[in-house]
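So the sequences go chain by chain: A and B.
With the working numbering, letter number 68 in the first sequence gets 81, and the count goes up by one each step, no holes.
With the working numbering, letter number 100 in the second sequence gets 452, and the count goes up by one each step, no holes.
These are calculated hints, taken from the structure and not from any lab test.
Just so you know, not all the hints are guaranteed correct.
Stated by the list, open to error - In silico DSSO-like links for lysine-lysine, alpha-carbon gap of 30 Å or less: (1) K42(A) / K519(B); (2) K408(B) / K37(A); (3) K211(A) / K73(A).
What the hints assert, rightly or not - Listing some non-contacts, in silico: residues in chain B with all C-beta distances to chain A over 10 Å: (4) A367; (5) S374; (6) H377; (7) G387; (8) H433; (9) T438; (10) S451; (11) Q461; (12) A466; (13) S485; (14) S498; (15) D560.
Fair warning: this is a prediction, and the values are worked out from it, not measured in the lab.
Cβ atoms here follow ideal geometry from the backbone N, Cα and C, with glycine treated the same way.
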Amino acid sequence: MGVISAGTTLLDAGALDSDVATGKMTLIKTLTASNSANLSFVHGASSVIFDGTYDSYVFKFIDIHPETDDAKLMVNFRDGGTAYDAPKTTNFYRAQHGENGSNGQQGYRTDDDLANSTAVQPLTMDIGNGNDESASGEMTIFNPSSTTFTKHFCATSSALYSGNFAMQSFAAGTINVTAAVDGVQFTMESGNFNGVIKLYGIGA
Amino acid sequence: MAIISNATTILDAGAFSASLGSMVHIKTLTASSSGTLSFVNGASSVVLDDTYPIYKFLLFNIHPGGSSELTFNASDDGSSHAYDITKTTTHHYTVHGESGGSGNQYYVQAEDLAQSTAFQHLMGGTQIGTANSDSHSGELTIFNPSSTTFMKHFTSRTQYISSSSQKYQYDAYQAGYFNTTAALTAFQFKMNSGNMDTGKIKLYGIKDS
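Start from the sequences and build out the full structure, keeping to the hints where you can.
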């Protein structure tokens, strides 16, 4: 049975009509950290999709709150094995400004980039662990399932540093493998963390 | 006919009342040794008008035929599609080599535009690598292109590996405005020399309600 409203077919033959505009940003998985060492999104595990189903994937990290004062949120990728150790070349810069009006500045951070390294990549600057301190932001990864090209990612975040600074960060890079990337893991620079990370797929 | 479930109106008056998501896919164009990829309102199912207040292009693995840079421009003439809108833009990037050198941030005066009709570069001042695994990805957002009151703003951020032997990783940022109050009805992407061997560009509309 079709559903026709005001002369417009909206539903028929078990599906939305093709003229009905539907959103293409699909929530795949929400993970919640509670004094957790890591949050891992692995294709095929716990209903996570991270393959060629979508051309790009967006992670939203919301109120990441470290147990250890002034720790950065970090990310790494796995490329076929079980280890999160894909080689990456990355860039990182940040802008900052204090609550007291001081130290408004921006600059590139050589301490937070990687040169074809398997190490974890910072996504934020230092996050304070005061009760109201956290970081939020997002990271996009393009075509992670490609077996032809290396993979690009970029992230933007805002963090509250324990010294009462607003810290805006811009991280990006190339995952230097042609194997499919099938897992993403978030950790802290040190210690455990709390917060929510959501994975979305961007469809065609 | 309305459909109401548990006191919530799901659909009525020829449209869904329930949210079906706000990021709507409009069109995918795939390059295959292509000179240009063009999105023209009203052609080939492309919508680029006041249907959406924001449009987003996602760029996937643009791989050039030879060392070159990806560029874009817009048209406001509605018919002949001359891609020659006057723009004032900014352009900066961060860069870092695979060998660990040159980690830094730069503004690129050579690739910003000052009231120019030229195509805007979407890269950081060097060309995309041409190795089989090299490509260029990112996104470009256009705000309210159909306005006939305001100029039109855009922002973009893209990533790529350069063609140099150092294999520099670039994170490039561009922004600016199309200095016209005419509606923009088409956008075109092309390399500054040669063709796009492969790659995809997807156009999405972002709903405001």
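Now the hints, each set against the structure:
1. Between K42(A) and K519(B), the direct Cα distance comes to roughly 35 Å. Violation of the 30 Å bound is thereby established for this hinted pair.
2. A threshold of 30 Å between alpha carbons decides the hint, and for K408(B) with K37(A) the separation of about 12 Å falls inside it, so the pair holds.
3. For the hint pairing K211(A) with K73(A), the CA-to-CA distance comes to about 5 Å; that is within 30 Å, so the pair holds.
4. Taking the minimum C-beta to C-beta distance to chain A, about 7 Å, the non-interface status of A367(B) is violated against the 10 Å cut.
5. In this structure S374(B) is not separated from chain A by more than 10 Å, as the shortest Cβ-Cβ distance comes to only about 5 Å.
6. Annotated as non-interface, H377(B) brings its C-beta within 10 Å of a C-beta of chain A; the closest such distance is 4 Å.
7. Remark: the non-interface label on G387(B) is consistent with the geometry, its nearest Cβ contact in chain A lying 21 Å away (cut-off 10 Å).
8. Against chain A, the non-interface label of H433(B) holds: every CB pair exceeds 10 Å, the least being about 25 Å.
9. Distance check on T438(B): its Cβ is at least 29 Å (rounded) from any Cβ of chain A, clearing the 10 Å threshold; non-interface status holds.
10. Not every C-beta of chain A lies more than 10 Å from that of S451(B), the closest at about 6 Å, which undercuts listing it as non-interface.
11. With a least beta-carbon separation of about 18 Å from chain A, Q461(B) lies farther than 10 Å from that chain, consistent with its non-interface assignment.
12. The beta carbon of A466(B) sits about 23 Å from the closest Cβ of chain A, which is more than 10 Å, so the claim that it is off the interface holds.
13. With a least CB separation of 5 Å from chain A, S485(B) falls inside the 10 Å interface cut-off, contrary to its annotation.
14. Against chain A, the non-interface label of S498(B) holds: every CB pair exceeds 10 Å, the least being about 17 Å.
15. With a least CB separation of 13 Å from chain A, D560(B) remains clear of the 10 Å interface cut-off, as annotated.
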